[in-house]
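4 protein chains.
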Amino acid sequence: MPECELSSFESTGSGGQPSPDVEDARRAIERCHVLLSDAGDVSGERLANEALAAYQALTGASLNTFFGLLASQFSPNPDLIERWADAYRQHPSREVLGELQRAVEPPRRELFRRLNLASAGTATLIDMRRRILRGQDAYPPWAAVADDMPHLLRSWFNGGFLEFRRIDWRTPPTVLENIIKYEAVHEIRDWRDLRRRLQDDRRCFGLFHPALSDEPLVFMELALTKGLSAKVQPLLDPDSAVVDPASCHYAVFYSISSCHEGLRGVTFGNALIRRAVNSLGREFPRLKTFATLSPVPGFRAWLTGAARDGDRSSAEIVASLDKSGEGVPSADLQKHLVPMCASYLLLAKRGHEPADPVARFHLANGARLERLNWMGDTSAAGIGRSAGLTANYLYKLSEIERNHEAYVAGRKVVASRRVERLVHETH
Amino acid sequence: MPECELSSFESTGSGGQPSPDVEDARRAIERCHVLLSDAGDVSGERLANEALAAYQALTGASLNTFFGLLASQFSPNPDLIERWADAYRQHPSREVLGELQRAVEPPRRELFRRLNLASAGTATLIDMRRRILRGQDAYPPWAAVADDMPHLLRSWFNGGFLEFRRIDWRTPPTVLENIIKYEAVHEIRDWRDLRRRLQDDRRCFGLFHPALSDEPLVFMELALTKGLSAKVQPLLDPDSAVVDPASCHYAVFYSISSCHEGLRGVTFGNALIRRAVNSLGREFPRLKTFATLSPVPGFRAWLTGAARDGDRSSAEIVASLDKSGEGVPSADLQKHLVPMCASYLLLAKRGHEPADPVARFHLANGARLERLNWMGDTSAAGIGRSAGLTANYLYKLSEIERNHEAYVAGRKVVASRRVERLVHETH
Amino acid sequence: MPECELSSFESTGSGGQPSPDVEDARRAIERCHVLLSDAGDVSGERLANEALAAYQALTGASLNTFFGLLASQFSPNPDLIERWADAYRQHPSREVLGELQRAVEPPRRELFRRLNLASAGTATLIDMRRRILRGQDAYPPWAAVADDMPHLLRSWFNGGFLEFRRIDWRTPPTVLENIIKYEAVHEIRDWRDLRRRLQDDRRCFGLFHPALSDEPLVFMELALTKGLSAKVQPLLDPDSAVVDPASCHYAVFYSISSCHEGLRGVTFGNALIRRAVNSLGREFPRLKTFATLSPVPGFRAWLTGAARDGDRSSAEIVASLDKSGEGVPSADLQKHLVPMCASYLLLAKRGHEPADPVARFHLANGARLERLNWMGDTSAAGIGRSAGLTANYLYKLSEIERNHEAYVAGRKVVASRRVERLVHETH
Amino acid sequence: MPECELSSFESTGSGGQPSPDVEDARRAIERCHVLLSDAGDVSGERLANEALAAYQALTGASLNTFFGLLASQFSPNPDLIERWADAYRQHPSREVLGELQRAVEPPRRELFRRLNLASAGTATLIDMRRRILRGQDAYPPWAAVADDMPHLLRSWFNGGFLEFRRIDWRTPPTVLENIIKYEAVHEIRDWRDLRRRLQDDRRCFGLFHPALSDEPLVFMELALTKGLSAKVQPLLDPDSAVVDPASCHYAVFYSISSCHEGLRGVTFGNALIRRAVNSLGREFPRLKTFATLSPVPGFRAWLTGAARDGDRSSAEIVASLDKSGEGVPSADLQKHLVPMCASYLLLAKRGHEPADPVARFHLANGARLERLNWMGDTSAAGIGRSAGLTANYLYKLSEIERNHEAYVAGRKVVASRRVERLVHETH
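Listed in order, the protein sequences are those of chains A, B, C and D.
For the record, in the first sequence the residue sitting at position 397 is 396 according to numbering that gives the first Met the number 0, with numbers rising by one throughout.
For the record, in the second sequence the residue sitting at position 280 is 279 according to numbering that gives the first Met the number 0, with numbers rising by one throughout.
For the record, in the third sequence the residue sitting at position 268 is 267 according to numbering that gives the first Met the number 0, with numbers rising by one throughout.
For the record, in the fourth sequence the residue sitting at position 324 is 323 according to numbering that gives the first Met the number 0, with numbers rising by one throughout.
It is worth saying that the hints were derived from the structure and are not from the lab.
As the structure is a computational prediction, the values presented were derived from the model and not from experiment.
Keep in mind that a hint or two might mislead.
As the list claims (entries may be wrong) - With a straight-line Cα cutoff of 20 Å, these simulated DMTMM-like cross-link-like pairs (lysine to aspartate or glutamate) come out:
| id | chain 1 | residue 1 | chain 2 | residue 2 |
| --- | --- | --- | --- | --- |
| 1 | A | Lys395 | B | Asp40 |
| 2 | B | Lys395 | A | Asp40 |
| 3 | B | Lys411 | B | Glu369 |
| 4 | A | Lys230 | A | Glu182 |
| 5 | A | Lys230 | A | Glu186 |
| 6 | D | Lys395 | C | Glu44 |
| 7 | A | Lys180 | A | Asp213 |
| 8 | C | Lys322 | C | Asp310 |
| 9 | B | Lys395 | A | Glu44 |
| 10 | D | Lys180 | B | Asp192 |
| 11 | B | Lys180 | D | Asp192 |
| 12 | D | Lys395 | C | Asp40 |
| 13 | C | Lys287 | C | Glu400 |
| 14 | D | Lys411 | C | Asp40 |
| 15 | B | Lys180 | D | Asp189 |
| 16 | B | Lys180 | B | Glu214 |
| 17 | A | Lys180 | C | Asp192 |
| 18 | A | Lys395 | B | Glu44 |
| 19 | C | Lys395 | D | Glu44 |
| 20 | C | Lys411 | D | Asp40 |
| 21 | D | Lys180 | D | Asp167 |
| 22 | A | Lys411 | B | Asp40 |
| 23 | A | Lys287 | A | Asp200 |
I would like the entire structure built from these sequences, with the hints used as guidance.
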């Protein structure tokens, strides 16, 4: 609900009665004001619980009203900002700077700090941000609220406070059911499927915050193997034989999932990969190669776009792909699709960065694009998004920081010779 | 080391070589700049460890130089502040406000956030602030650094993240030795002394942060008793008999200690008392009264001050007290000292608040001053600071919030009739 | 494999070669002899691991040979027994008694004690006994081995060493998958079914031994309810609403399962029920009634038997039941079947005890047969074994020991008036 | 109290009243009979608690009476033994053997099994045996009771059930205070002394039974060092510097203590040493040598005995030692005392075994006597028992089992050439 409408709501004035929804939202906002104005911290926990309880009772329209009020109220006072900005211009002392800092900080931040005192406060606030992020396209003023939170969340979820934990078949189901729920790359169909992913030649690692002990912030799954895997389906097969992890030389990361949309803007994936690599290295000194087996999720949409834009060879490929539907594409396509995919990953851009989100993630983390695999993922999702292809990104300890810096400095896409050469094979 | 001296140091210019101390400090500061300018977070943990290692190698003069540089550098850029303040005046949009917010935030805060990635980062930063607080009277510019941290610390040590734990004879010695070290009210002489304080009719509770698992932030000790204790020594006697806690009606809080000077400005005591009261209430439904047995630590100094200022009755009392030294004062003094103490607690002020720090703490928390006890603490410290008197502050569930609000609103000292009447008995 | 055959095997003599199976079994037996003859305990653990490894490599025929050898060897020496029996007759001193005690103890017991030193020794021995018990009807000499173990198992699994644990949704799947596997009364179909049985208004308790930490010895499931449940299906419905346990007055035990066939003869169920009742009483002081909702598993087979033996009314009922197959029987049958079931439970005997195994268990534990429920269990198993009926046995704290003693002394079946009256309604 | 006296007590008959002590003991014995005769196990736990409570209320004379009754009652029935022995002679079947086995087993064993159901039952029974062992010299009949327990204790404390745990500064004080209490070789003076023994270059390991979680059965202390320590005092110095354990090549075991006198006859020390060696080997692959630094506790008494028996050189040494009292002996003595000590360890016997108890223990475990150290332990106890000497016994993985077998077979004292040569130096 955009702010203007809300204002008109609020000004229904003498003539109309505010609807019950608006009343509920206002009562919840009132509890927030009471919490924020409390001096001392004797009543803080009680008031925080009351405010969150009032918020949690809201639904639909009343929730929209609440977010609108949260955006229009609890913002910094422009007069105060101007006053202290003027004072600072005249006398840039430490004290005046302090006042200016306080003036520009939205009271919402302090409100969120205090709401966190409620039981399950952290989880509720993260979920609140999720709703706001989802609604901010429809209700642009909400963005002010969504923007105020990352500052706080980055402090709260500082890497120094996160716990790295192995998730296995001794982990409580209260955690495991979240793994099933949040797995975003290769769906976990049931507990039997999950069980195979947690056996001796598999690893699942997560980063946890003490205030959210059953919900990982991010988790990854990997297989210990004797060679660099090209295909996903054998890794996921619940009936596959378990191999002795001590005999493996490869760690193949085949899935990484973030769990909390409400934490968007606070990144954890990189730290998780780094800690996983360290932990595996200590446990298995014989491990030589850390690599991913990744989807190329933007590839097919990019191909379709190119076809629409009139590119003839793309159009032919797309037509052929469409014909096979969710099934495996014709083998003839391999010699066209694989070079096209190399072009996509190396040349297609979104701004200055690679167009493919998975490529962006791993390249920024210092990996190298090593290999493309024909029919590496023949699931419906694999065909539908990546045209059945998979990519191996290689994390080589000796070059991670160098690659990362080259990426940060010039968005350089570090790739193997083999992949680079593929680009020239496109017709 | 004041900033001006440092600047002269830095400007020794072409003629002189900087001393090795200055060189070490500059190298550590340089690591901080590298950490702060790192884009992405691939190298963050490594760089944070390097910066803190360089800092931890500093001592004496080099440490002072480091703190001086930390204060003079990493501050907000005044030009930038002015530019965005002007922009805001002309166009107070959300985007411009965001820029102004970023401009006024000292880069030091981001530096501290990143330093926290190092192993034991949190503990090191808290200790760094302790040193800075201790030095800032001698080196006023350091205050800018000390002031930047509470903002962050209040986020990190948000009440929602703290764990309330009972400390008992099953608690690891890694924690227990910190109880011995930080106990600030009634010294713990040895492990036997500690053991008695952890037995069945005693409780010790602490608040912990997950990043500091062996060091409580604050802890309190209490005795479960059959009556409202007036005297400290029997409670502390390691040879006293253990009573059945189920038969007790009183919980007497006789000690509360903060552990980290570096967390000054972030308060935990109140939250600890509240959680302790809740926990005890659940465990012992028959408990009726929660009260303290507290020192009056500012009393004797206040008396001495009054004597120096020419108050005759104070002067006589002080003379008599001085005569008995660390021993128990003459019984004659009771009828003078107790009313004097009531006057001190009810009437003596520091600004608008009670002069006594313990009174300030408990009254602000919503307690009521219930009773004064002659010779309640006959230890050397008890005689030396409180003239041997103790005070009982009562935490009555039904009035805590009301008392707290009366205190916050008008600094009202809530006291029992009995104590109020004592004021009129002063001669 | 009966001992006689084995002997013929062994005596194939100079002419024939023993088969490879026999060779393997003999090698394993040889490792047992080595372990048993070891003096001191320096090599015990190694030798035990070797012996169990040799045993675990056996299959089919070689395993049978092994058990046969275990039975024929490692038995007490009759000559030695006679010698010390004579000595005791002549001089019944403590020393001679000691020698006689040693002479009658089968060396197998010491062998089992030493095998337990191997890793996972306890679990392997329990499983060994399971196989022997299953085979002893076919190979009677094995009974000597099966009989030697309970003496040891009763010491090892002494009630004083067992842990009572709640099993819930935080319990590791390594334990939970055993709950699914061993549930013997009402099959757990999948993890969703299991999850409902572990929610707030349900309890699952198990007894565990420290050497078998992931496998309960016995476990029970119960529902907290507002009335005495008559029907099983609503309790098991995974979609049923969760009620507030604090509002419940009834604890309805609907399933109890033993996990280890190899521990036959060592009983745990009674101790589990007693501890569960204590634990529930402490957690929910408002709980008034502890009762079971039990099958009557021998009822239908008994009816069929009676029909076969020529009882006409039984024959009619059986015919009617057979007509409805696995479906719900005709409602007309209720007035016949319920009184018949009362007769079965109160009058039908196996020796001096009730014929029904569930009745034997609960009555021996001190419960009272309280109520019979028409169509209390309409599952295929419920219809097939109990003709759809369920029974409530009541555990009334004030009468448990009295009922138990009446049962032990005279096999008295304590039942409510209501059930007793039913017997007279049989036609 | 010997059985005969007791009998006379019991037969005070019509004339006299039994004393209250006797009454208490009889009541406790009566509770034991009730417990033993209970059929089923519904009331077992309650009856066991009642019996142990009655026992624990006994003191002095009543306790002696109780033990006397325990010895005279609860023994096997000689008539029954004879009857089944005869039956067995005539028909040595499995069933008759079973009856004979039951007839010879003292009912006391079943009594102890049932007493173990009481809370803290295991600990109470172990302590009961301690008292009986201490009293059996004065009251010989008690030996029958003491002898009945090891059979049970060996089952209960089977090595397969014991937990090997590291004890360090994170271990709860409830355990640590038992380490202080039971340390039998080098007294732990206070918590500071203990703390040093638990630091990074020290290890303390214990074996625990699940039923006695705060009390180790046996524990050992060792130092990680750069050379083979000869002297005890530097190892025990609480102010000594902590060295990096990763840089050490030697593990020096300087103390091993059993905790429960009541478990005499059930040995744990060997298993502890074996597990410690395995654990250290895994943690520190660079460790090369596992050796002890041991007292020679019987040496000085043996010297004194030899002097008394007229050996002149012994007499001279003893006289010189006596002159220096608890102080360090004269340096002149070294060339006499060290060879004498070698003779003592290699030649002096108790039966067929070495006279020295520490030598017996380590040699039986497969160690080799490697070196003798002049003034290796200058504490009062070290001087008083070992004349200040220490011995290093070497545990060499490649020879432990061979040495052990040589010892078991022929009581061979395996010693280094160096020590063997010393024997020839005695004058």
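Hints versus structure:
no. : hint                 : verdict
1   : A:Lys395 to B:Asp40  : 17 Å, holds
2   : B:Lys395 to A:Asp40  : 17 Å, holds
3   : B:Lys411 to B:Glu369 : 15 Å, holds
4   : A:Lys230 to A:Glu182 : 19 Å, holds
5   : A:Lys230 to A:Glu186 : 16 Å, holds
6   : D:Lys395 to C:Glu44  : 18 Å, holds
7   : A:Lys180 to A:Asp213 : 12 Å, holds
8   : C:Lys322 to C:Asp310 : 18 Å, holds
9   : B:Lys395 to A:Glu44  : 18 Å, holds
10  : D:Lys180 to B:Asp192 : 18 Å, holds
11  : B:Lys180 to D:Asp192 : 18 Å, holds
12  : D:Lys395 to C:Asp40  : 17 Å, holds
13  : C:Lys287 to C:Glu400 : 18 Å, holds
14  : D:Lys411 to C:Asp40  : 17 Å, holds
15  : B:Lys180 to D:Asp189 : 17 Å, holds
16  : B:Lys180 to B:Glu214 : 10 Å, holds
17  : A:Lys180 to C:Asp192 : 18 Å, holds
18  : A:Lys395 to B:Glu44  : 18 Å, holds
19  : C:Lys395 to D:Glu44  : 18 Å, holds
20  : C:Lys411 to D:Asp40  : 17 Å, holds
21  : D:Lys180 to D:Asp167 : 16 Å, holds
22  : A:Lys411 to B:Asp40  : 17 Å, holds
23  : A:Lys287 to A:Asp200 : 15 Å, holds
In the structure shown, no violation is registered for any of the earlier numbered hints.
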